[in-house]
Every structure is written in structure tokens, then in C-alpha cells.
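Required output: the full structure, derived from the provided sequences and hints.
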Amino acid sequence: MEAGAGVMEGGGGGGRDSSRVGVGVVVGVGHNNKIGYVKKGIIKKRRKWMRRIIKQAATVPVMPMPLQLQLQQLFVSCLDVFKGPPATIPAPNDVHKLCTILDNMKPEDVGLSSELQFFKPTNMVKGNPRVTYTTIYKCDNFSLCLFFLPATGVIPLHNHPGMTVFSKLLLGTMHIKSYDLVDPINLDGSVPSSQLRLAKLKADRVFEAPCDTSVLYPTTGGNIHAFTAITPCAVLDVIGPPYSKEDGRDCSYYKDHPYTASNGEAALTTVDSDSYGWLEEIEMPENSQMDGIEYLGPQVESILPNTDGSSRSLGIAGGGGGLVRDENGTWVFGFARKIGKASSFTAELWALRDGLRLCLSRNILVVEAELDAKSIVELLSKQHHPILSNSTLVDDCRQLITLFPQFRIRHCFREANRCADLLAGAGTLYNQDFLLAGAGTLLDQDFITFESHPPPEDMVFVFNSDCNGLYLNMLCPVADSFL
Numbered sequence: 001m002e003a004g005a006g007v008m009e010g011g012g013g014g015g016r017d018s019s020r021v022g023v024g025v026v027v028g029v030g031h032n033n034k035i036g037y038v039k040k041g042i043i044k045k046r047r048k049w050m051r052r053i054i055k056q057a058a059t060v061p062v063m064p065m066p067l068q069l070q071l072q073q074l075f076v077s078c079l080d081v082f083k084g085p086p087a088t089i090p091a092p093n094d095v096h097k098l099c100t101i102l103d104n105m106k107p108e109d110v111g112l113s114s115e116l117q118f119f120k121p122t123n124m125v126k127g128n129p130r131v132t133y134t135t136i137y138k139c140d141n142f143s144l145c146l147f148f149l150p151a152t153g154v155i156p157l158h159n160h161p162g163m164t165v166f167s168k169l170l171l172g173t174m175h176i177k178s179y180d181l182v183d184p185i186n187l188d189g190s191v192p193s194s195q196l197r198l199a200k201l202k203a204d205r206v207f208e209a210p211c212d213t214s215v216l217y218p219t220t221g222g223n224i225h226a227f228t229a230i231t232p233c234a235v236l237d238v239i240g241p242p243y244s245k246e247d248g249r250d251c252s253y254y255k256d257h258p259y260t261a262s263n264g265e266a267a268l269t270t271v272d273s274d275s276y277g278w279l280e281e282i283e284m285p286e287n288s289q290m291d292g293i294e295y296l297g298p299q300v301e302s303i304l305p306n307t308d309g310s311s312r313s314l315g316i317a318g319g320g321g322g323l324v325r326d327e328n329g330t331w332v333f334g335f336a337r338k339i340g341k342a343s344s345f346t347a348e349l350w351a352l353r354d355g356l357r358l359c360l361s362r363n364i365l366v367v368e369a370e371l372d373a374k375s376i377v378e379l380l381s382k383q384h385h386p387i388l389s390n391s392t393l394v395d396d397c398r399q400l401i402t403l404f405p406q407f408r409i410r411h412c413f414r415e416a417n418r419c420a421d422l423l424a425g426a427g428t429l430y431n432q433d434f435l436l437a438g439a440g441t442l443l444d445q446d447f448i449t450f451e452s453h454p455p456p457e458d459m460v461f462v463f464n465s466d467c468n469g470l471y472l473n474m475l476c477p478v479a480d481s482f483l
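Straight run, no breaks: the sequence shown in full-length UniProt numbering ends on number 483.
In case anyone wonders, no lab produced these hints; they're calculated from the structure.
Positions of the beta carbon are idealized from the N, C-alpha and C atoms, including for glycine.
Among the hints, erroneous ones may be present.
As the list claims (entries may be wrong) - The list that follows gives simulated cross-link-like pairs (lysine-lysine, BS3-like), each with its CA atoms no further than 27 Å apart:
id, residue 1, residue 2
1, K177, K106
2, K97, K177
3, K138, K200
As the list claims (entries may be wrong) - Computed spacing ranges between beta-carbons, pair by pair:
id, residue 1, residue 2, range
4, G292, K382, 37 to 43 Å
5, I230, S465, 25 to 31 Å
6, S113, E457, 39 to 45 Å
7, I89, G340, 47 to 53 Å
8, S389, V460, 36 to 42 Å
9, K138, P210, 23 to 29 Å
10, L201, E286, 23 to 29 Å
11, R408, S465, 23 to 29 Å
12, M284, I401, 39 to 45 Å
13, P92, N390, 41 to 47 Å
14, E208, E294, 48 to 54 Å
15, T402, E286, 36 to 42 Å
16, G340, K382, 26 to 32 Å
Put into C-alpha cells, the structure is as follows:
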């Protein structure tokens, strides 16, 4: 599964024949065709159209999970690790999981090379090398950021209140100095009232890429640290949760001083004193200002599904269909299903179920679903539901939804997807139970697959119109007379 943002759209309808039921599902798959930053772009090849028929299987085959890009794997793991309340420290096994992923990451995984323009001395302000940063992804729970330090560039001593931070040095050599605050004890048992804070030195050495991932916690692991680049460096940070002044996670800066015992304080031995220092909180240093740039590397995958169903005559043959677009609206694959006798409500559930299974089979794990059946949106948004004739289908959808690390569902209008609507109507005409227009296999019914791009000839006009918004309005419903 390529990294990138995608759109999953759907449209339903049984065509002009009032005896048919149509359901549409469209799944989005992201493709990043050109990786930024690298001096020579890496272009991904697309395969030509193929067409094949796959015979019926006795059971649903267990699809092997496609090999994920390291960045996507990191993103999906972060969704799971940081899903708890803010400032929740990840469990040891979760820390190990993220460290393992980060330890295996290379500069190319985020589209970097050692010849970045802003690493060149000619692009630096004389005497004041500026640090550059870019954000790969950010939400309320965590952020993925890249920091670029030219030679002699500095990120001053600063803290991470209530945060757990994973830092991976991808390129270069840098010196890292870090502290943890401690509570000094006076001879009388009181705490010194000085504005200086006693801190224990956790690290004061040089790191060279590739090296192991470092982890700091809210109160341990070197929560207060400073970076000084010896050679041009690139650092990938996973920060959970991100800085937020409104939530009490504002960044503070410090200046460190050699350790000396204050009045009344229990003196440390010479050996111990070398492991401690005094930290003085200061205003933001001038050299702490950074320049933000746009992230042009591989995108993390985010999917938007949309389903639709309709029934003009209850209990008559129904069909479903859908398509998959990438983040640019380009056709990836489509499918159509013969559902049989079903209401539009049931057909909608079948279509959603098919779409969810298709996403899982392709390791698309970040999904935002859109359905035009508001009743289903409300039903699946609740923890409990009444006993219905299709309760098994509802439970199936609920179970599938739990397999996605990040999932959201919302309502949209049927007129948003003429292309998927066309596939839905066509689904009622097929002899096979399931047709998959694209790459891969999934269900236990007969189906036909063919590589996407462009879409089938009889859908090109509607597909292009759909992409250009000629028939659609995602915000307002359109009367049938205009379709």
C-alpha cells in the first residue's frame, strides 16, 4: 500500500429500472508519485491494464498484509500507541514497538538525501545558521516532525512538559545534552527557594547516524535537552502529545550552570556533582527561532470512504458497486456486486462491509467513512443498537471497524457520487456475485479484476465529470430532476 491520502466515495442507485436496488462504495488509496527532497525524484511505475477471472473459493482467503512503508508503519503504530488520554506514558511494549520501527528507518523513508539545499553553507545566514523544521503529521494525540540542523546549528536547552518523545537521528553527527529535574534536599529537609532548579545530567555526548532511537518521558529520560549539530543533521521526532499552550504544554527554555551546593543544601560528592547541574529558566533565546518548510516527502495514508444505497421496490434484486481513487482523484480500482433481494438499508450495510474488507485486505488502516444513509451513520455511532433483521450485518460492520486504528463515520448526500452510483446500478445486471475492477482479490464469490487507470470506457465520462464536480455538490442535495 503506497503512502498518501485518498478518498473513498460511493453512490447508489439501481439505474432507471425501478425493480433494482443499487449500492455504491468507493475506497480511497493514496499514491505518492514523486518523493520530495531527494535530488533525483523517485518515480513509481504503474502497471498496465490486466483482466482475469478468479474462480470461487470455499472460504474467504486470508490475505497477507502488504509490506508497509516504514513511515506508514510508524504512523499506524503511533495511532495505536497514543490513543489514550494526553500525557499517558506508553507501555514498555509500545515503546519497544516504536523504537524498533524508528531504528530501522532510513533517510529515504521520509524522502531525504544528504544533499539537501538548506544543508549547503551558501544557503545559511552568515554567523547564524538557522534550524529548519517540517511537520509530517499532527493531531491532538501526537505529531511527526523533521528537524534539519546545518553544521553548528543549535536547538537550545528546552523541556517537553507531559510528553513522551522519540528522537531518531537520520543524518549527520550531533552533540546531545539532556537533564531530568530533581528535588534537592536541604539539611533541614526543606527544598531550596532559589530560582535555579537542580537537574541530573542524563546525556552529554556525541551521536552519529545511524544510531539507536532515544526516548524521553515526562519526568525521566532527559526531558530537558539540547542539540548541537557537528555536521548537517536531520532528526525525526515522534512527540506525544504535541506542544499546546492552551493545554499547559508550552515550551520552556533553560541555561545550565555547574553544580555547587547552596546554603543549607546537602553537599554531593565530587563524583556525584559531575552528574548534576543547576538549570535556570530563561526567555526564548534568539537562536531558538526556526524556519518552517512544506513537507514534500511520502505522505501518511488517510482514507475517506463513502457508501450509498437505495430501494425503489422492497425485496427486489439489488446490486452494489464502488470505486477507489487516490488523493488526486485518479482511478485506482472499482467493484460491483449482485446482492439479491434486499432493502436499501441492508444493501447499504453490505456495501459498507465490502468496502471495509477491501480496505483491510490492502492494509488501509486510516479510514473516514461517508454514507448517505443517515440512519446507518447514527446506528454505527452508538455502542448499542436494537435487535433488527440485519443485526448480524451491523455487528459485522462494527467488528470490522474495530480493526482500524483510526476510523470516523459521517453522513453525505447521494448526489456526491454519480460514478459509484453507476457501478451500483450495474451490479444488479452482473451474473457473478462480485466483480472487482482493480488489483487484488478478496471475497469468496467469483469476480473479475483488472488494473485501474484509466477507468472502464463506459465510465470515463461520468468519472471525469465526478472528479471535476460537474454533477455534484457535497454540501447540498440535488433534486432527481437534475440528474
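Checklist entry - Can you name, in rising order, the numbers of the hints this structure does not satisfy? => result 3, 5, 14, 15
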